[in-house]
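Q: Working from the sequences, and respecting the hints, build out all of it.
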Amino acid sequence: MDHFSEVRDNMKIDWDYPIAMDDGLVLRADIFGGTVSLHAGPDQQSFLLLPVIP
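According to numbering that gives the first Met the number 0, the sequence shown is numbered sequentially starting from 0.
The reader is advised that the hints may include incorrect statements.
As the list claims (entries may be wrong) - Calculated lysine to any residue pairs in the SDA-like style (CA-CA distance at most 25 Å, straight line):
id, residue 1, residue 2
1, K11, A28
2, K11, V25
3, K11, D21
4, K11, L26
5, K11, R27
6, K11, L49
7, K11, I30
8, K11, P53
9, K11, V51
10, K11, P50
11, K11, L24
12, K11, I52
13, K11, G23
14, K11, T34
15, K11, D29
Hints were generated in silico from the structure; no laboratory data involved.
A: Put into structure tokens, the structure is as follows:
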């Protein structure tokens, strides 16, 4: 897994870095990353569900 950091708008961003959740689950980019597709059309309502991050 490639790991690199950069600074954007005075905020350090660690790319492809494992994120530990409160319940012990560790999110890794090589497992949970990827391409997300949004499909919409006249016969189906489109929506995008995003998490709230305080």
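Q: The structure should be examined with respect to each hint, and the outcome stated for every one.
A: Hint by hint, here is what the structure shows:
1. K11 x A28: holds, 17 Å
2. K11 x V25: The given pair, whose Cα atoms are some 20 Å apart, holds under the 25 Å limit.
3. K11 x D21: holds, 22 Å
4. K11 x L26: Status holds; Cα separation ~19 Å.
5. K11 x R27: Distance ~18 Å between K11 and R27 Cα, so the pair holds.
6. K11 x L49: holds, 22 Å
7. K11 x I30: holds, 23 Å
8. K11 x P53: The hint holds at about 18 Å.
9. K11 x V51: Distance ~20 Å between K11 and V51 Cα, so the pair holds.
10. K11 x P50: holds, 21 Å
11. K11 x L24: holds, 23 Å
12. K11 x I52: holds, 17 Å
13. K11 x G23: Holds, because 24 Å separates the two Cα atoms, which is no more than 25 Å.
14. K11 x T34: holds, 23 Å
15. K11 x D29: Holds, at roughly 20 Å.
Consistency note: the structure conflicts with none of the earlier hints.
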